[in-house]
Amino acid sequence: MESTTHELAQIFRQLGSMVSQQGELAIRIDENMDVTLVNVEAAQGQLLKHLNNISSNGWMMSKIFIVLIIFLLIFVLFA
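When we follow full-length UniProt numbering, the leftmost residue of the sequence shown carries the number 1, and every step to the right adds one.
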């Protein structure tokens, strides 16, 4: 009976140790998720900034192209 009680106590100690380790693992996972969320939000901001930059540059290139076409037409018509 005493050996069974001793074995049972040892099993509960091991179980307590495993629960503690799982808790630490869950905390690390939660911290990693928080860091990942911050990184994803920062990446999203950078992508939006880049998209706006590309869009404005595309519009400027279109304007330059239109002006060049107009000058070319004027040159061809009046030359």
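Just so you know, the hints here were simulated from the structure itself, not pulled from any lab data.
Model, not experiment: these values are computed from the prediction.
Errors might be hidden in some of the hints.
Stated by the list, open to error - Computed beta-carbon distance windows for the label pairs:
{"no.": "1", "residue 1": "R13", "residue 2": "M33", "range": "29 to 35 Å"}
{"no.": "2", "residue 1": "L47", "residue 2": "A9", "range": "54 to 60 Å"}
{"no.": "3", "residue 1": "I70", "residue 2": "H50", "range": "51 to 57 Å"}
{"no.": "4", "residue 1": "L47", "residue 2": "V67", "range": "43 to 49 Å"}
{"no.": "5", "residue 1": "I11", "residue 2": "G45", "range": "50 to 56 Å"}
{"no.": "6", "residue 1": "E2", "residue 2": "L25", "range": "31 to 37 Å"}
{"no.": "7", "residue 1": "A9", "residue 2": "D30", "range": "30 to 36 Å"}
A virtual CB, placed ideally from N, CA and C, is assigned to each residue, including glycine.
Hint by hint, here is what the structure shows:
1. R13 with M33: 29 to 35 Å: holds, 31 Å
2. L47 with A9: 54 to 60 Å: For A9 against L47, whose Cβ atoms are near 57 Å apart, the range 54 to 60 Å holds.
3. I70 with H50: 51 to 57 Å: Cβ of I70 to Cβ of H50: about 31 Å, so the range 51 to 57 Å is violated.
4. L47 with V67: 43 to 49 Å: violated, 31 Å
5. I11 with G45: 50 to 56 Å: holds, 51 Å
6. E2 with L25: 31 to 37 Å: Holds - the Cβ-Cβ distance for E2 and L25, about 35 Å, lies within 31 to 37 Å.
7. A9 with D30: 30 to 36 Å: The hint (30 to 36 Å, Cβ to Cβ) holds, given that A9 and D30 are roughly 32 Å apart.
Hint violations for this structure: numbers 3, 4, all remaining hints satisfied.
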